[in-house]
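Chains as they are written, first to last, in UniProt numbering: chain A, 1 to 225; chain B, 1 to 172; chain C, 1 to 915.
No lab work stands behind these hints, which were simulated from the structure alone.
You may find that some hints are simply not true.
[To be verified] One side of the interface only, derived from the structure: several residues of chain C facing chain B at Cβ under 8 Å:
1. Val440
2. Gln441
3. Leu551
4. Phe591
5. Val649
6. Arg653
7. Gly744
8. Ala746
[Claimed, not checked] List time: in silico EDC-like cross-link candidates among lysine to aspartate or glutamate, alpha-carbon distance up to 16 Å:
9. C:Lys45 to C:Asp477
10. C:Lys658 to B:Glu156
11. C:Lys111 to A:Asp180
Model, not experiment: these values are computed from the prediction.
Backbone N, C-alpha and C define an ideal beta-carbon position, used for all residues, glycine too.
Given next are the chains, with one letter for each unit.
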Amino acid sequence: MKQLTSLLFTVCIFSYVQSAINLPEEDVGNGRYSIEGKVFPPEEQDLGPWQVDTRIHVNGGEYIGFIRDDGSFVIHNVPSGSYVVEILHPDYIYEPIRVEINSKGKYRARKVNYIQTSQVIQVPYPLRLKALSKFRYFQVREQWRLTDFLFNPMVIMMVLPLLFIMILPKMMNDPETKEDLKQISNLAKMSEMPEMSEMFTSLFSGGAAAKASSTSKAKQIKKRQ
Amino acid sequence: MSQVKSNKKFKWALDFNQKTRTQTTELPSPPGYSQSTNASYTETSRDTDSNLLLIKKLWDVALGPLKQVPMNLFIMYMAGNSISIFPIMMVGMLIVRPVKALFATQSTFKMVEGTQATGQKFVYFIGNIVNILLALYKCQSMGLLPTHSSDWLAFEEPQTRVEHIGGGLSLI
Amino acid sequence: MGLLSIYFKPNFLGLLKCLNNLNWFIVFFSLINLSVCIYEDQIGKFDWRQTYVGRIKYSQFDTVSTAKKIIVATEENVLAALNLKTGQVVWRHVFESASAGNIQLLHVSDKVVTVTGSNPYLVRGWDSSTGVLIWEWSLTLQNDDQADFSEWWVQNNMLVHMLPMFGSHIEVSMYHLMTGQNRGATAKLPASWTNDGCVLAPPYYTCVSGEMKSQQLLSLDVTSNAVQLISRPLAEFVDLNSYDGSLRPVDGNSGLPAFIVDDKRIVMIKHNEFEVLKTAVFDPTGSVTLLDIANGPVVLQAWLDDTQGFSIQANSVSGAELPELRMADRDLKLPDPEISSAVCTKSAREQLVCRILVTGGDDSVHLMQQGGRVLWSREEALANVVAVEFVELPVSDLDAAIESEFDQKEAAKMYSSIWAAFSRRLQTQFQQLQTLVNSVQGEGAAQHQPLALVRDYFGLHKLIVLITDVGKIFGMDNLSGAILWQYYEPSLDTEGAVVFTRRTARHPPHDAYITIVGKHEETGNGLIISLNPITGTLIGERLLKLDVQLLQCTILHRPDNEKLHALILLDKDENVQVFPQSAAPLVENMFMYVADRSTARVQGYAIVYNGQSAIAVRTWLVRLGGGSQRIVLVQGKSATERVHSPGRVLPDRAVLYKYLNPNLVLVLTEGPDPLHKDVVVATCLDAASGAIVASQIHRRARALPLAVHSENYLAYLYYNDKHRRTEIATMELYEGKQRWTQAGAAFSSLATERAPGVERQAFIVPAAPAAAALTATERSLTDKHVLLALTSGAIVEVPWIYLEARRGGISEEGVVLPAYAPELPLPGDARLNYNLTVARPERIYAAPSGLESTSLVLTTGLDLFYTRVAPSKTFDVLKDDFDYYLITIVLAGLILATYSTKYFASRKMLKLAWK
């Protein structure tokens, strides 16, 4: 169905071209065809009309086309061959398309790939071109933010230890914190050490080690009190 | 206490004469003391000992730089060949220390007398030179010494030309 | 509090780790960031663009739409609308530059209609207020040979096409304007009296035919259904004895059919009859047009009078003059004035208000009002710039006075004793102090003064001399783009014109001196113009017309004792002329080469002084391409460039010495090949010895006349037909790891016998370039970037490291070269002209400035665009957003903190000591 409509479309274009020329002679002899398509403007339009600023260059200016009000364009009198169609707008990027017209009048539009020139990624013809993005022409000025200063590694390496040196002794001098720290360290010791040492000692020596660990536990309990 | 009770008439008089004569012969010698070794110790050996010690100490000082060499080698190996703050500091230290030591040779060997002084000074000197050479080798492997022609490239005069040309496509 | 420490510990470690990673990112990105663009707030600070339309071919006042405009069609194939009040371009459409874009017809009614092309033709209709295309259709003529003689006009909403077949008939076709449908077949009107001297005054086609002394004036309305021929004997109108056969239509696009016979009498066709107007033509070289005003038709004439200057006069058909339209301006010397169009209306107070658009022979366009007031002018000659030279400005008088103090000769002359020199020094210091105080005081008021023509501190203010195709020379200020002086030489043919700077402004009291060598328009002999670029006045040889054709020209490298470089001219008979004559004995070690474009032969000469005069001796001849090729481009090195270092440092600290041959010339030739379709050959030729140093051949390629050549490397562009893409090939020449001559020894082309090693590489350019140049700086310390102007209107900057032959790996200490990629990256931020596109760029010129980091770039073409480029970023100036305030505040804060800490610490120590 789609192919049928596109075929009908190309037939209509042909007849349109022929009727426009309206001369009794044939013009297919020297192969004059036309490239056509439609250009879609970018979504946000700051100033119009964008149709005046947009030009279509075929093969780097060999043929120039202009856009009508609705965005469609036709480039007449193009002989058969391979052409790179570029849509040029000062602010928006459009991807260039390669249009090939063979001597029998068949059109093929594919993406431009200069490196692998025989690669064919086909694109619908008549061309429908949308703006990819806005051109990024400028660098952004570096702003000075407080976070840049605070997160500078040198600053952190020097300032934070300084703070620690000043704050920690004060923290240490507080008797409550001292006790808290002792608790924590005891907890840590109790949680880690007994498991490992108990395992090994039980493995190697048997009951005597268990007694020793229990006495050490008793000693620690005494300390707490 | 008992002697004071027997001499009641002389309450506060103490008589030592009789007892000291008898007791001197009965006092034992202190443990480990033997009377034979006393005679052999003469005064002259004290002088030579101090001399030898001094020389030995000075030799230690003289051999000091050479003993530093292995440690310097290790430091050089660990510092790495890149140009950043740590290696440069290390290299700086490696150079400055021997140089300072060389300049301070006079003061270190101040107290020397004797025949081996020049030998010691020479060894000290050689040790420091070896350290400096090690530091220079480190500089060379870091690429700091201008040994290649690429380092003198910037000082060359620009090339002058003998012939001058003009022309282009024919204007006709 | 205890919990805090638990909280901080793991987070602190994590933070450190994160920072460590970030650190790598920062370093990584700073290495990769090769962006070279400007910041958004720097737009317009040091760049400007001027848009031009070209020499006006057809123009018409658009009185229908609300905003008053003039619709213009130009010889440069541009359709534009100019604002009536200011002359600025409202909208512009640029057609193809080839003959397919030639504008054949411009018709303005409620819509703008153009016919462009040269068989096949394209008929387009545009909206006059916005410039948007409304309709477009194509028209192809069967008979291609005579198609150039077609005439077009619009009548009653029909497009009329007339094709005269001289001697037999006229073919007339009428098409519906908007759709192109033909009302019928082509009408063939028999007209055996037509010849190529006929003129069209729509819809009448008028000819003079017949035998000598009994000619007839015949005219035919080609659009009417009935064939009505108006025929009168020519003797009624002119004196046949002095008639020289000239018949021309009236200028402007007057709606009334009229023509001028013999440059003397004006004949109108009214009611199918010839009517001779009583008003005669005042000046045969002037311009005549007919205006239709309510009272009747008015004849408007414009000419350049010798005594009175530019004059305009209007007469009614009966001969009575309209005094309000008379003007005579002695100062406006408009050569060959032509009235492009004129419109007159009656104002509310019954006064005639006329606007006349006049084009001069120097391509300038002026809009005049009745009474002689010029509303605006445009210099459209700048749409066709042929050669450009950047000229240094002289130092200010004060600085010159200071510098002359140190000049030995002058000091010896003026000051006999130490005390005199001392007093002089005191004087200059006092003057400097005065200017400093004045500048500080008058800082607010100083903005009103225009920039004086003196060198500024960084050497960025220069004067650009532009030579245009029509023979007009402009002096332009590079900071503002304002035209400072202009000089028009009508007989100068600027094809292949060359500009030489014979003396810079650095040697007061001698003036700066530039010479332009061109051709004479009629004879083809050499034409030399010497002028002072700062003021635009002729000096020295002034305007010198030679009597021989010139082959080539160059300047002598040694200046004479007036610091002037002599001009050496080689003419067609291989004789040498030296200007000034006194400099002939200074000629030595001078070699010239002349390349013949069509046969690809390059002939070398040695210019020697044989005691009496300078002569040219043939030394070498090179036939490139075996005779079947033609030269596309000859590119030498810039004469003023310096090479910074004689070699490149490799990563293992060895030096790869460059082959620096200042006499090397790149010749690009192309020709057909039996096996491959087209072949492009790039040859490096030593122009002093004729030796071929390197060459490269590209098969199935077409040459583009774009190349850059500097130091020991060069790059040229060509179109690869096989893969249908544009490619750029680079060649770098090296001597090797050992030098060939001693360090500091002079390079002699005649003494070298070895060929250098060549490193080659080619890349794909994903765009269509139209011009190429290399940035240039005074000492060549900064990187060089290749500037490419694309046909899409963008000027792109490509760093040379992307074009290097030895890509990938580390080049000189630490600089990481990008890995080889076959396609050149052309990102958006490499565009110099952001969104100010330059239509149809033709050439780029780059000149050094006083700052080592900055190069000045001018692009010419249909538009002019000037900007400043800093290839290695501005390393020798503080960046313009340098935050002085932050640094001073931080510094002050730290000093304060230091002193206060010292104070508090000493107090604390004291307190502890007392415990």
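- Sort out which numbered hints this structure fails and list those numbers smallest first. 1, 2 and 11
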